[in-house]
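Chains as they are written, first to last, in my numbering: chain P, 1 to 257; chain G, 1001 to 1257; chain S, 2001 to 2257; chain D, 3001 to 3257.
Zero decoy hints are in this set.
Facing chain S, a subset of chain G residues (Cβ under 7 Å, in silico):
1) Pro1063
2) Ser1066
3) Asp1098
4) Arg1117
5) Asn1121
6) Tyr1122
7) Pro1123
8) Ser1142
9) Met1150
10) Glu1153
11) Gln1157
12) Arg1171
If you are wondering where the hints come from, they were derived from the structure by calculation, not from laboratory data.
For every residue, glycine included, the Cβ atom is placed at its ideal position computed from N, Cα and C.
4 protein chains.
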Amino acid sequence: MKNKPLLTGEKRIIKVGDVTFGEGKPVLIAGPCSVESREQVIQTALELKEVGFHVLRGGVFKPRTSPFDFQGLGLKGLEYLREAGDKAGVPIITEVMDEHNIEAMAELADILQIGSRNMYNYPLLKSVGKVKKPILLKRGMSATIKEWIMAAEYIAQYGNVNIILCERGIRSFDTYTRNTLDLAAVPIMKKETGLPVIVDPSHGTGIKELMMPMSKAALACGADGLMLEVHHDPENALCDGPQSLTPKQFAELKSHL
Amino acid sequence: MKNKPLLTGEKRIIKVGDVTFGEGKPVLIAGPCSVESREQVIQTALELKEVGFHVLRGGVFKPRTSPFDFQGLGLKGLEYLREAGDKAGVPIITEVMDEHNIEAMAELADILQIGSRNMYNYPLLKSVGKVKKPILLKRGMSATIKEWIMAAEYIAQYGNVNIILCERGIRSFDTYTRNTLDLAAVPIMKKETGLPVIVDPSHGTGIKELMMPMSKAALACGADGLMLEVHHDPENALCDGPQSLTPKQFAELKSHL
Amino acid sequence: MKNKPLLTGEKRIIKVGDVTFGEGKPVLIAGPCSVESREQVIQTALELKEVGFHVLRGGVFKPRTSPFDFQGLGLKGLEYLREAGDKAGVPIITEVMDEHNIEAMAELADILQIGSRNMYNYPLLKSVGKVKKPILLKRGMSATIKEWIMAAEYIAQYGNVNIILCERGIRSFDTYTRNTLDLAAVPIMKKETGLPVIVDPSHGTGIKELMMPMSKAALACGADGLMLEVHHDPENALCDGPQSLTPKQFAELKSHL
Amino acid sequence: MKNKPLLTGEKRIIKVGDVTFGEGKPVLIAGPCSVESREQVIQTALELKEVGFHVLRGGVFKPRTSPFDFQGLGLKGLEYLREAGDKAGVPIITEVMDEHNIEAMAELADILQIGSRNMYNYPLLKSVGKVKKPILLKRGMSATIKEWIMAAEYIAQYGNVNIILCERGIRSFDTYTRNTLDLAAVPIMKKETGLPVIVDPSHGTGIKELMMPMSKAALACGADGLMLEVHHDPENALCDGPQSLTPKQFAELKSHL
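From just these sequences and the hints, can you work out the full model?
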């Protein structure tokens, strides 16, 4: 703990292997909501490799609203994700929910994600502050700009300034979209913190047809990358199928950016 | 009144003099929040003319939260706006709040605006439905997508399908920005109604520094135009000074689109 | 227009015939969402008379989200409501949406209501400010406390301080209830304006089973009355059937207050 | 994990020492936001004892938005709270934020609280599901009714059905109050889950003057208890001073319930 804010707007660039966040070229993170099996994640990764992408995502511990929903494959799933990332030649990112697993996960994953539901989980933020891997910090679903900045500051204060921010939509009164994508947060957070900011239009809208226009808009207002749910077979996905692109749809989207 | 919806997604193009909404080329609407004097609006219009713009905006009846705030110059102000538009060679747009004035205002103005506070004012919507001028319908500050579509449908049902929609930010829990600009509404409303959709980043964010990134983002996701507050002397504006661009700043913004 | 606020917290009592708002005894306003026919409103009024109530409500101009929904019987409906009120021996209240009708409506009605969708309709507020009948001003569905105070101030500034406020729920992210009933607004608005404040749990929750607990809660925190939708045959009501009580259910509720 | 919901509306009564939640008599939980020192918490507890109260509250691990704010005294603070509760002859409740501490805290505390920021922290919910002490589960600051029910179900599924729910206000667009107290949630959650539901007007409004009317309203709509911040010296409190009552103000409030 320092006694003064560390994220004061000074621009930071985050390197993960060959991938760089914040240097102008948008980073494309893609992959399934959940790792469902070894075959599924490897197949998706290889199809994405053909299209061209930069980071493979996949959840292995899933924060599900209902205890009766699929909770993820756990560390075994992370091994599959690692293998898939290696086969595709890209770094991997996965969400941590639990202090107990951080060390084990940090060994296998290249970036650790703090999900929307854990943005206010200060013990978890402190814990990833002590990790030597970059952290992707999603905005809480109804977090104010100020609260989001302070959540990043928690991580920084505990020793880790390699933070990538991710706008993923906020909760509003309208139910047409899953969330309300708050793109103004992109230039605001870049200016306030100096950190790279990416956008997740999959959770931000929940509607496949909006991936293209909102991805373009995100990059147009300065986003340093995109995080997109891609599944080789969305209709049979265990979660978030309706908002998942196929690798082919991802290719189409990529060609228009 | 027809007995079936008229706005079913079929694409419509709206022509106002030489200006066309919905044909690919973004329309730039600019001008002061309020017409404050003949000199002010003419000066702003001439400075904008030098930069290049398409429609002059200016409020003459102002829906102010407080009865103690400046309420606008009324029809006299509209004459000034007309004169300024003519000098700049562009059509003009102004807000109607009151059924009584619609006819008089429709004679002088080229586009009539329904402001955010009146999106649910159904008698007013019906009245402008009978007018032979295009209507710009702003989204209510906490209107759902469905309510906004239905508000447009009111206008259409009463005889006027020349409607331009305008996303201007919705009310959320965060107070960092004046409103939360909901850019996903642009592709959604275009698809649902077929009408042109423009974006007002001035009210949508309330922060001058966000005009540039959010204007770019709006166009990137398909907006048919932008509505921007421009004042020749923002520091002395009677309303919305802090979010108003100078003509010079508008020129800078325009050069980056 | 005075140049200073008139609603500064000084307590006001509003008399309408034998009914008094703001004097400790809660006023019960009841009746159907819409006047649907002479028979319907008279039957409901007579059944309510047996139970005991204070003011008869009924909409004749309805602000409906969709232009295809029932828009009300207009002035003919108001005559029916007047007749029903007279037969029940109680004053009547109905919503005005349109400046054109205010005079005609003020002749027949005892209280004029400004609905939630018109709280920001400043020309309408100014117009009812000139009327010699009490005004019931509902809170806009996402109006801040400050905006609501200012809306009442508009009415007062134009000459009418006989204003009754009505909390009817605000829009939030949750869809379990129709709106989120903000009961803290009751003591706040009483203190800030000095005006009587009533509560509408029908729109505030949209769920029949919540009428009883929320009515009790409203009175417990100081509400000066309640406005409840009561229909003699909710299943066949033209609007708001699911949230309407039968006169018998109203009697049950009344007995528990 | 059972394969079916356990919280299906069957009424449950929770006993903690001599205190019973859900049996008709409202339970008063009072105490400071944070345990600041041994003296402070003992003095507050003894003053509350004179007034009469049922459970002593006090935070020792504080989820603060800013890492620079006071984070609590930790387990040492819990020892002070235990001593204060014993001196006052009442059970104690404190918030757990971290799986690591649950066992140690469950040894000293009588009720463990899951705070608003952790309602979506599923590993924590699972962990307290395995504890043999009652859990007070606060509603997330923008949790829907359904999400709140599911959060309680997580705890129940992992073995602990002794859950008390606490409505503490939700986030809305208005900033007049700290949060919007959603009292309709009280009868809704009682019916949906069968669990006792209490109300926290301190966080729910953030305004001292609203404690009295909102406490009355909470009990009127069926709340099984109240949770109130009480500090012997609010002006010098390390957190939440402005919304804290003095023991004398608490006595005044209690006398009116």
